[in-house]
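Enquirer: Residue-level listing of the chains:
There are 2 protein chains.
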Amino acid sequence: MKPTFLLIAVAALAGIVSVTVTASRAADGGNAPVFVTQIPDGYRDWRLISVAHEEGNLNSLAAVLGNDVAIKAYREGKVPFPDGTVIAALHYSHTASEENNKVFGRAQSFVPGNATNIQFMIKDSKKYSATGGWGFGHFKDGKPGDDALMRTCFPCHNQGKARDLVFTRFAP
Amino acid sequence: MKPTFLLIAVAALAGIVSVTVTASRAADGGNAPVFVTQIPDGYRDWRLISVAHEEGNLNSLAAVLGNDVAIKAYREGKVPFPDGTVIAALHYSHTASEENNKVFGRAQSFVPGNATNIQFMIKDSKKYSATGGWGFGHFKDGKPGDDALMRTCFPCHNQGKARDLVFTRFAP
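Keeping their order, the protein sequence lines are chains U and Z.
Here the working numbering is used: the first sequence runs in plain steps of one and ends on residue 856.
Here the working numbering is used: the second sequence runs in plain steps of one and ends on residue 856.
Worth flagging that the hints you see were computed from the coordinates, not collected in a lab.
Take these hints with a grain of salt, some might be off.
Same chains, same label: a pair holds when it works inside one copy or across any pair of copies.
[Unchecked claim] Distance condition first, Cα-Cα at most 30 Å in a straight line; then the derived DSS-like pairs of lysine-lysine:
| hint | residue 1 | residue 2 |
| --- | --- | --- |
| 1 | 811 | 824 |
| 2 | 786 | 762 |
| 3 | 786 | 756 |
| 4 | 811 | 845 |
| 5 | 824 | 756 |
| 6 | 786 | 845 |
| 7 | 827 | 845 |
Please take these sequences and the hints and turn them into a complete structure.
Expert: Structure, rendered in structure tokens:
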């Protein structure tokens with residue numbers, strides 16, 4: 685192959701790649717989802733929103749915590765949540781407590797086992813405009829979930845539009 | 685009956701009552717248990733120690749929160765807990781969430797239902813010396829538990845001497 689032909693071939697290939705990227709962006713309306721890739725500082729010291737237990741494949745016990753903006757909005761019943769709201773769901777494996785059961789004298793007690801993942805919802809109506817104003821985050825052993833996993837968050841939460849995509853209610 | 689005899693009879697009766705009270709005090713070693721009768725201020729804003737699920741008669745989901753002294757002691761692994769430690773267990777009925785199950789497409793989700801009771805452990809080694817340095821409190825609808833119920837706290841918690849009578853471990 686002569687150098688001239690090689691150059692044209694490379695240029696043509698580059699053109700195809702470029703068209704593909706453009707098409708992909710167009711499919712997202714020029715607005716691809718942005719996910720949370722950093723764990724917010726200090727979340728373990730936030731106040732309690734609620735607790736939860738999921739059976740089935742999840743088999744989890746959770747504590748749901750909120751930063752000050754989140755707690756204030758919950759208490760005021762404010763929907764949509766204001767920018768700056770951060771909600772954290774700390775998931776643990778739902779694990780039988782042998783030491784508690786011994787004290788109770790029967791098998792009835794479940795406590796947090798291993799931390800399975802931590803999930804976040806961060807409200808920033810501009811940055812996360814493609815996903816209802818919420819940035820979704822999922823961290824396992826400190827590492828963010830992959831793109832395929834992260835794309836499942838918004839369609840599911842988007843079923844909860846009446847409460848601004850937030851399922852968890854404030855426990856008394 | 686003559687007035688004189690009546691007076692003596694009343695005095696004798698008073699004497700019996702007095703002896704009974706004294707005997708009851710002596711059985712406690714002059715140190716009857718003192719319970720927590722006031723709900724500590726601000727407990728709902730305290731930080732998270734852990735969460736728990738009890739099956740059986742309790743059927744509860746719980747959030748266990750601690751004041752600053754408690755959280756610091758837990759993080760430092762300090763046992764016994766210092767005076768000033770307060771631990772709160774917020775118990776809710778373990779209740780199926782129909783709205784969550786609808787989103788999941790299966791019955792798997794449990795959330796806090798009614799608040800069933802709030803329990804406290806307050807460390808004050810002098811005030812609560814009769815019960816391992818811990819004052820125990822139990823409140824249902826804001827009202828403290830009766831004496832019979834309250835007397836069950838210490839004997840059960842006293843099985844956990846290695847961790848200063850505290851069963852709940854700190855969740856990561």
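Enquirer: Now look at each hint and say whether the structure bears it out.
Expert: Going down the list of hints, with the structure as the test:
1. Taking the closest pair of Cα atoms, residue 811 and residue 824 come within 30 Å of each other only inside a single copy of the chain (23 Å); across copies the shortest separation is 45 Å, beyond that limit.
2. In this assembly of identical chains, the alpha carbons of residue 786 and residue 762 lie at most 30 Å apart only when taken from different copies (24 Å versus 44 Å within one copy).
3. For a Cα distance limit of 30 Å, the shortest separation of residue 786 from residue 756 across copies, 28 Å, qualifies, whereas the shortest one inside one copy, 40 Å, does not.
4. With identical chains, the CA atoms of residue 811 and residue 845 are at most 30 Å apart within one copy only, with a shortest distance of 19 Å there and 52 Å across copies.
5. Proximity of residue 824 to residue 756 under the C-alpha cut-off of 30 Å is found in both arrangements, the shortest distances being 28 Å within a copy and 26 Å between copies.
6. For a Cα distance limit of 30 Å, the shortest separation of residue 786 from residue 845 across copies, 14 Å, qualifies, whereas the shortest one inside one copy, 45 Å, does not.
7. Taking identical chains as interchangeable, the C-alpha atoms of residue 827 and residue 845 lie at most 30 Å apart only when both belong to the same chain, with a minimum of 29 Å there against 38 Å between chains.
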